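A.B. asks: Protein chains in written order, with this note's numbering: chain A, 5 to 353; chain B, 5 to 353; chain C, 5 to 353; chain D, 5 to 353.
Honestly, the hints are just simulated from the structure, not real lab data. Fair warning: this is a prediction, and the values are worked out from it, not measured in the lab. Treat the hints with care, since some could be wrong.
A pair holds if it fits inside one copy or across any two, identical chains being indistinguishable in the list.
What the hints assert, rightly or not - Okay, derived cross-link-like pairs now, SDA-like style, lysine to any residue, Cα gap no bigger than 20 Å in a straight line:
(1) K35 / A226
(2) K6 / G44
(3) K35 / A159
(4) K223 / A333
(5) K223 / S45
4 protein chains.
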Amino acid sequence: MKKRRIRESGIKIGRMRPGSLNKITDVPGVKVGHSTLNEGSIKTGVTAILPHGGNIFTDKVVGASCVMNGFGKTLGTIQINELGTIETPILLTNTLSIGQCADSLLKYMAEQNPQIGTTTGTVNPVVCECNDMVINNIRAFAIREEHVNEALSTASSDFLEGSVGAGTGMKCFGLKGGIGSASRILSFPDGNYTLGVLVLSNFGVLQNLQINGIPVGEKIRARLHPAEDDRDRGSIIVIVATDLPVSSRQLRRIIRRATIGLARTGSFMGNGSGDIFIGFSTATLIPYQSDHSLLSVHEIYEDDIEQAFNAAAEATEEAILNSLLMSPAVVAQNGRIIHSLSEFMDDIV
Amino acid sequence: MKKRRIRESGIKIGRMRPGSLNKITDVPGVKVGHSTLNEGSIKTGVTAILPHGGNIFTDKVVGASCVMNGFGKTLGTIQINELGTIETPILLTNTLSIGQCADSLLKYMAEQNPQIGTTTGTVNPVVCECNDMVINNIRAFAIREEHVNEALSTASSDFLEGSVGAGTGMKCFGLKGGIGSASRILSFPDGNYTLGVLVLSNFGVLQNLQINGIPVGEKIRARLHPAEDDRDRGSIIVIVATDLPVSSRQLRRIIRRATIGLARTGSFMGNGSGDIFIGFSTATLIPYQSDHSLLSVHEIYEDDIEQAFNAAAEATEEAILNSLLMSPAVVAQNGRIIHSLSEFMDDIV
Amino acid sequence: MKKRRIRESGIKIGRMRPGSLNKITDVPGVKVGHSTLNEGSIKTGVTAILPHGGNIFTDKVVGASCVMNGFGKTLGTIQINELGTIETPILLTNTLSIGQCADSLLKYMAEQNPQIGTTTGTVNPVVCECNDMVINNIRAFAIREEHVNEALSTASSDFLEGSVGAGTGMKCFGLKGGIGSASRILSFPDGNYTLGVLVLSNFGVLQNLQINGIPVGEKIRARLHPAEDDRDRGSIIVIVATDLPVSSRQLRRIIRRATIGLARTGSFMGNGSGDIFIGFSTATLIPYQSDHSLLSVHEIYEDDIEQAFNAAAEATEEAILNSLLMSPAVVAQNGRIIHSLSEFMDDIV
Amino acid sequence: MKKRRIRESGIKIGRMRPGSLNKITDVPGVKVGHSTLNEGSIKTGVTAILPHGGNIFTDKVVGASCVMNGFGKTLGTIQINELGTIETPILLTNTLSIGQCADSLLKYMAEQNPQIGTTTGTVNPVVCECNDMVINNIRAFAIREEHVNEALSTASSDFLEGSVGAGTGMKCFGLKGGIGSASRILSFPDGNYTLGVLVLSNFGVLQNLQINGIPVGEKIRARLHPAEDDRDRGSIIVIVATDLPVSSRQLRRIIRRATIGLARTGSFMGNGSGDIFIGFSTATLIPYQSDHSLLSVHEIYEDDIEQAFNAAAEATEEAILNSLLMSPAVVAQNGRIIHSLSEFMDDIV
């Protein structure tokens, strides 16, 4: 069965226009790389998002975080909130590998920047996670430094969705989840900007899945006879990128609207679901050292933010659906099949 | 020169009575362990705080965090804030070793608890850091899993202060900093409780140091002729333990008062100083799985919280002074001597 | 045309069972009162929610607040967040009347409690607002102390929805909005509890309105030819009541799920929409003075919270739809008709 | 006895240089006005801080708030946090008069701006309070609209400190408190900026009062034989103004350092003390309506923020001491004398 994204299936999410790839990499300079481990019971990986092609430590991006449900272990948000910047690539992985990923990211940053730990303080690594224990043997602690480096070094603007990288072992709405992406074009008088979203989807129970308001999950569930474990133990990480000139405060307002897209797929942010959003804007690069002048920055007026709100909501909804559609069925650790949403697109949706 | 704690020097901080050890381990069940690396340019380590002697994952403690200055990389606060519990020992280390420490702590927890990643989800590791790059070759990434395990396995109620564990390479008020501790007794009609504090001190500039309001730092600075680099780039981690029955909300209020103790030593929470406080109460252990009844908990009335506020302020102030006094002079990476406060106690204070 | 609530129209929102009234007053003890001003250009009012029938100041309820979009002027949340309690009735009104309502509520509380301002400190009034300027002459500052007292003194368990009280002049999804309510039953091994929601709806643009996933708003908009002003300038206040034994922290988690219900009606939390939620639990009454013993409280296990999450999401969604259906069409200040959703239920939904 | 400010008493707080008035009004454009009620048992008032001389609604200032202890009823912080702006004068008053003050401020703003409630939404009033019930008959609800208007219309750059305006009935460290102010000059390569502080002081117990580290309070207490009620039931409001170009995020970091100044006077942020700080920067005025271009703003580099941290700490400490010294003794409602710190300056300090 050929995998198709939701828009290729003839279903349009929202009213705004996507970018050319309809991925987070439509934001100029953003790159995404994966390292996929898929052998035996090991089904996991690492995904890296690079905010721009230069040195992110010396040219930081404006950053923000939003924790809707804090049942999660994401590293790096304390400093993002305080300083309003992000200074490393963002890594996604399985929950038990955050330590390994943080360690490897710190070494990668130290190698790239000899001034770290010598003349200029340290660095704030950003690592997000979801728990892939249903499909992956998470207790094997399979991620190694080489996997982190692979994800970082292979990052490009053209990247795969579905069961790749950190998405390899994820489960979402009782179906196979993983990596998904989408983007939207923002029209301003002075030109267009782009907002892109990448999700690591690992949340929800089947009966709640909706596509454009249609209760698809209930129909699929009716066909799959055996009783499901309907606990929502998963999580979702949403990464929002944009080149719109915004402050950290404005960016936090924008990424909070990922909640809207999330809700429209059927999530109710279950107890065990860590719903955590990280955003960055590449419009202004913040140098790592002051020249003791003033920084001159551009920002949109607050009145003009609504497009970006809509874009974050729409792109998150579409990215989640793409993560489902691009992930093939897989056998879980307990031997049960985790189906793919794509199996049901022809006759149910 | 024999090292003496501040109270042994005849100086009393505040008005409340300390516990018998005047350490965080006066709180029944709390244990502290160190792993110290002190060879050549490697001067760093790990310190572990164990909230109680049992299995912390299956019997969680009430927890809270407070970020006064978020220029820091502490891991674990998102979930502490959301769920109000702590479920692992707390590790302290140098900034670039948080990944390694998180990874080792996750493996330690997984080994102790076979249900993690199989039947019960994952676990939220708590790892705090300060940047010891002035004294330690932090770019060596010297901490290994064995050091984390040493700190965890050697934890006891009787532990060293000063240049040990995570405190080995820390610098505070331009002098040698490190690990310090203090405690206070809380008197309630139904009996006494204890509040204890442990700090990892790595902040401040010399000229600001005060002891009980006396501007000791200025006097010491006048004697040490060479011009200091007076940037406050460090951080402080404050761990607060108590057996007082409090909710997570009350506990957050209590630990926020560590700021008061901090201010009274002369800190103004400089830009680069990550001032982060973590607290736990052992009064109620929260089982990791519900039996679907109701949890019955005790809490103090809000009216009765003020003693605990004072205790947190006083114990933090005294713990910082102890961290200075118990740390001997050391040679920094650039060859300069980082003096010990204890050198100046006889004729200056 | 007879007004019918959404459930009477044959449409079920969600899967959980409502209480007998399907209103916030299904929570035992909760009462709601209105004062409605509807004369000429004055179309506004006050709505009061009383958490229980006793003295709320001397027997406080557990409280929590959640600000999803802070473009609003709600008074009282600082102290709710710090102390985790609510100690007055909650008032809803128009934006420019919050001062008057706060003043009247303070006087009402002072009269009821001679100890306020003499032996026991002051009191924290909770007043929420939406901007009804499209329909109401808000610059008339029409609310007086007598209206506040009327809302407080006429509160009962059986109250009207729609264009009453604070809802009189509200507009929602380009249609007439106002007061709506719904409730859900929570099943626990030791018995049932209730969660109820009351909304003051004043947000959204017509084209986004959805009912159970059906894009009703687009269809209505197609029929109403003139171009709408599609700026989302309104707000929504959601009040959540329950008798479930929860801590303030747990309650905040629960009421945050009102976002889910909100999103499912079509909101994307527009820039100008203050989306603010206040919750209280009547399970444990907190006495206003300590007797210096310990407070003994019951709380659900975190594992058991999910029902309450679902209930908050479902009841919010249904309450918003009820607020629309129970509000008749009205002429706005600029002479245009603000239609009622009920006009379109027979042939569109 | 002539009242002298702390600096006139020969005591220097901190190391930075004050502005020419050593008041908040050293920040260009800032004005302060009082309305004082002092007749019989009525000892209260209103103080207004105007961020600049123009129309604050149409030219908003960058704003931030910081709640260190939320036992307070301040109105307006939700929107300050969300939008990062302040759009009205800031009012200070007694706790039970916040409703009246908010109402009067809303009417004042509506009169000045016909577009409010007609073409442009509403307005976010900022009103702060402390509880003056020990000295003032707070239950008389004595503040009226005329008092608010008096404070607003008489605002000037030269204003009184001590028992004036909102400070009339305040008590601090068991002594007479009230309004105090101080300022500091910030030196940047491109020129000087100013940071000014105004406090409404109403917190603390006598035994804790310190001046530059000297335990003045204990000495005064020893002389005043009768046992004090040593509960800290009061509060402090700190208003920070600056013309330094900073974002709302940077401003929040700066005003948080008011805590340091507060701690150094002897506060431990007692349970009942609402410790709430509001700040604004006049460097960039934000127009109330977008012209759909981009806003161009200047901000300091984060590296350069430390001066402003120190300034906020020093000016807060000095402003509190000024509020004590400029307030004469008064007879409390219970007939006891509330002494003035100035009585003890000659022989104790």
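A.B. asks: Look at each hint and say if it fits the structure.
C.D. replies: Each hint tested on the structure:
For the homomeric pair K35 and A226, neither the shortest alpha-carbon distance inside one copy (40 Å) nor that between copies (41 Å) is at most 20 Å. Within a single copy, K6 and G44 get their C-alpha atoms no closer than 24 Å, and across copies no closer than 60 Å, so neither meets the 20 Å cut-off. Proximity of K35 and A159 under a CA criterion of 20 Å is satisfied intra-copy only: 5 Å inside one chain copy versus 45 Å between copies. In this assembly of identical chains, K223 and A333 lie within 20 Å of each other by CA distance solely inside one copy; the values are 18 Å within and 38 Å between copies.
Proximity of K223 and S45 under a CA criterion of 20 Å is satisfied in neither setting, with 30 Å inside one chain copy and 50 Å between copies.
Of the numbered hints stated above, those contradicted by the structure are hints 1, 2 and 5, listed in ascending order.
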